[in-house]
Amino acid sequence: MILESNLHPETASFRATVPAGEYFLKVVKAGQTVRILDLEGNQAADTLFYNAHNPTERYSAVDTIREQGNVYLTAGSRLISSEGNLMLDITADTCGRHDTLGGACAAESNTTRYALDKKCMHACRDSWLVAVTEHDELGLSKRDITHNINFFMNVPVTAEGGLTFADGISDAGKYVELKAAMDVLVMISNCPQLNNPCNAYNPTPIEVLLWD
Amino acid sequence: MLHTATPPNPALPLYDDLIPGGSHWSFIIRRGHVLRLIDEEGGANVGMLMYNPANPLERYNMPDTLKNQHTFLLTQGHVLLSDMGRVFASIVHDDLGWHDTVSGTCNRKLVEQRWGRKTYQDARNLYHRNGTHSFLNELAKYGLGKKDLTANLNWFSKVATNDDGDLRFVPGHSRAGASVDLRFEMDTLLVLHTCPHPLNPASDYPRFPLRYQLYKAAPVSDADPCKTSSPEATRAFANNALYHLFEQEA
Numbered sequence: 010m011i012l013e014s015n016l017h018p019e020t021a022s023f024r025a026t027v028p029a030g031e032y033f034l035k036v037v038k039a040g041q042t043v044r045i046l047d048l049e050g051n052q053a054a055d056t057l058f059y060n061a062h063n064p065t066e067r068y069s070a071v072d073t074i075r076e077q078g079n080v081y082l083t084a085g086s087r088l089i090s091s092e093g094n095l096m097l098d099i100t101a102d103t104c105g106r107h108d109t110l111g112g113a114c115a116a117e118s119n120t121t122r123y124a125l126d127k128k129c130m131h132a133c134r135d136s137w138l139v140a141v142t143e144h145d146e147l148g149l150s151k152r153d154i155t156h157n158i159n160f161f162m163n164v165p166v167t168a169e170g171g172l173t174f175a176d177g178i179s180d181a182g183k184y185v186e187l188k189a190a191m192d193v194l195v196m197i198s199n200c201p202q203l204n205n206p207c208n209a210y211n212p213t214p215i216e217v218l219l220w221d
Numbered sequence: 285m286l287h288t289a290t291p292p293n294p295a296l297p298l299y300d301d302l303i304p305g306g307s308h309w310s311f312i313i314r315r316g317h318v319l320r321l322i323d324e325e326g327g328a329n330v331g332m333l334m335y336n337p338a339n340p341l342e343r344y345n346m347p348d349t350l351k352n353q354h355t356f357l358l359t360q361g362h363v364l365l366s367d368m369g370r371v372f373a374s375i376v377h378d379d380l381g382w383h384d385t386v387s388g389t390c391n392r393k394l395v396e397q398r399w400g401r402k403t404y405q406d407a408r409n410l411y412h413r414n415g416t417h418s419f420l421n422e423l424a425k426y427g428l429g430k431k432d433l434t435a436n437l438n439w440f441s442k443v444a445t446n447d448d449g450d451l452r453f454v455p456g457h458s459r460a461g462a463s464v465d466l467r468f469e470m471d472t473l474l475v476l477h478t479c480p481h482p483l484n485p486a487s488d489y490p491r492f493p494l495r496y497q498l499y500k501a502a503p504v505s506d507a508d509p510c511k512t513s514s515p516e517a518t519r520a521f522a523n524n525a526l527y528h529l530f531e532q533e534a
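Protein chains in written order, with our numbering: chain A, 10 to 221; chain B, 285 to 534.
The shape of chain B in the complex, shown without the other chains (with noise of 0.2 Å):
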């Protein structure tokens, strides 16, 4: 845990919603806004992908985001960078203290194997969906497809490796009202699904909804924890700064 920031009040969400458990959904997130994701039975996964709805070519960047900040999990007090050396969201608040994102997403054959084929027409909307499908689902929504899927977030999921580098999936990681706050630096096309992690051992196919709420942040000062949490993050900022520049002007 690398610093405390004051969570927003939770009075005054701008928006609730609940997205059912192996789902998916998509929207554009602006500046300013903190996103709040809750893991509301406990047990969840969000797989998130992020793009800049102005020029969807700069998108979240897994190997930039986690040697900038030296780090293997993502936790409150890191930041989101994209490929662009910029910050999409900073992580300032966490309750877990890791979140993967080196495991990937669930694809059809691998959810076939582990929790069997159940289709639309035999299940309805509990259908047993997969993470790739999801976001080329929502990709398509904005004339993204293959060529965009890139490394994800699995949110609320923990795999840890030993020193031999070998993978480890922590079952029961999160728990019942378990959140994350992301703050957004700069406007992002936020794509997500709820489908199960792909490293989740359980034998019947996990289904766990996510809450999320938006709320109006705090103006970011200079001192603030997550542009502070290292050099390499307040540089980034520093390339938000120029980016908002005609902007700050207007």
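In isolation and in its complexed conformation, chain A is listed as follows (with noise of 0.2 Å):
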């Protein structure tokens, strides 16, 4: 579902430009709203979602899913946590839809989806394990790396079970907002992937923007 937002970048509270292959970590409050912004089109941002205060309790793509009865994100998706608890809402989105079945590239994904000698390409995984080692107060670690969000990003299931990765429908400019229910701890790898044609090998920046 398309839906504008009202909200103007000028009385954004915080905004940071997240370029290809980097991550992005920011707690996010209750009652705030956080928007993903495509700068340059079909970017994926990778991103996870945990309870600031106690991050055992994180997004789960598939209580979402479950609990909603679809497959896809757009504007009006509640995303539920691994305790069956709200965490936000997606309140606009200029693209109608977003993936949570396929998960972040990995280095070690990368070997079987492209190729054995692709290991040493970065990937979203080691985005996060960068940023759950820099950041060790935390008390995160590749336990807590789980399924995702991949905004931005379209992989249509078909009624026969199969499941495609279509050219994205996104575009320069387009964008995803989110209010908090809670307080979250935001993760995002801005995806660095060069195998993938979604992109057309070419990983751009993101912004990220912040509403009290």
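To be clear, the hints were calculated from the coordinates, so they are not data collected in a lab.
None of these values were measured; they are calculated from a predicted model.
As a list, the in silico EDC-like pairs of lysine to aspartate or glutamate whose alpha-carbon atoms are at most 20 Å apart: (1) A:Lys38 - A:Asp192; (2) B:Lys431 - A:Glu92; (3) B:Lys430 - A:Glu92; (4) B:Lys431 - A:Asp135; (5) B:Lys511 - B:Asp471; (6) B:Lys430 - A:Asp145; (7) A:Lys35 - A:Asp153; (8) B:Lys393 - A:Glu66; (9) B:Lys431 - A:Asp145.
Chain A side only, calculated, beta carbon under 7 Å to chain B, not exhaustive: (10) Val71; (11) Arg75; (12) Gly93; (13) Gly112; (14) Glu117; (15) Ser118; (16) Thr121; (17) Lys151; (18) Arg152; (19) His156; (20) Val166; (21) Gly170; (22) Leu172.
For glycine and all other residues, C-beta sits at the position ideal for the given N, C-alpha and C.
If you follow the hints, you should be able to join the two separate chains into one complex; please do so.
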């Protein structure tokens, strides 16, 4: 569902550009709204959410899709935690669909998906592992890296049970906006994937904006 | 249905056991063995998680399994991948053609809302267990916990979608005697429960047992149907071969 936001970038309390291949880590307080902006189009923002006070509670793709009865995310979707609690609402979306089945690229999954010799290419799970090890005060580790949301990715499922990676439905300037229902730690890997035609083999920066 | 593999000789199970409905269990299965899951009465759901016992940080990865094989369902010919690019198990035989791995598992709130609260004090071992607590109960035996819960498998359950992505649980999908054979390609810690599928609309708590049997697997050739089912699977098997390199030398 396409639903535009009435928030203006000039009034944002925080703005940061995240280059491809880097991570973004920030606590979004309950009631705040975070926007993830696709600056140049068809970029994948691989995102994990944790309860900021107890990161053992985290975004759960399977609980979210089951509770909403649909495999795609868009405006109106409620992101559900591993404890069954509402973490964030998607309050605006100019893409219309985001993926939560496809997971994140990793050195190891690059070997199986593309070629064995792709193992040393930079991947999303590398970015997250750097994020959690650089911030050991959070008490996070590889155990905490679970299924994520791929904002701006389009992964259609067919009635026959097929799964395909379609061309992106995002474009330069498209965004998704989420309002936090609890204090959440947002951990994004701005995807560095060079092997996937979805982004025309050209990972690009995203911007993250925050409103109080 | 991708390929037909020869099932192991059913006359020779190494082990044969029945897990009651609404229960949980776990064990380590060694590579080179086949686990046959049998829906004893029809209507079963088996929630399952997989870990590498030598390094439990390596675990079943639903997204990698689905996207590597361009599939939303699991059936014969597919492989079950870890997050380290390796194959835990190959589905070498399947009577049903569709198993779910995207719906998660039932939790206490869901079970109480749908089927009512039935405690051990009320019902003894017929109390209403839920999938999340069942997994946590078994995981704790290996020093694992909530952080290790990830997207699980739901054997014998079918959840389809339409073009808009709406989920639809298909009742009556499995039948008495239906079986799935998993051939293990590396040592695996298996955590399983027989709690209801979270989307099962039944009015009474669905309680169906699982029979499982262990067999010795035949050697896996380069022409094996699961190994050759996709270039992605072939490469995952190559990663397994590297993982077992020193073992093969010994």
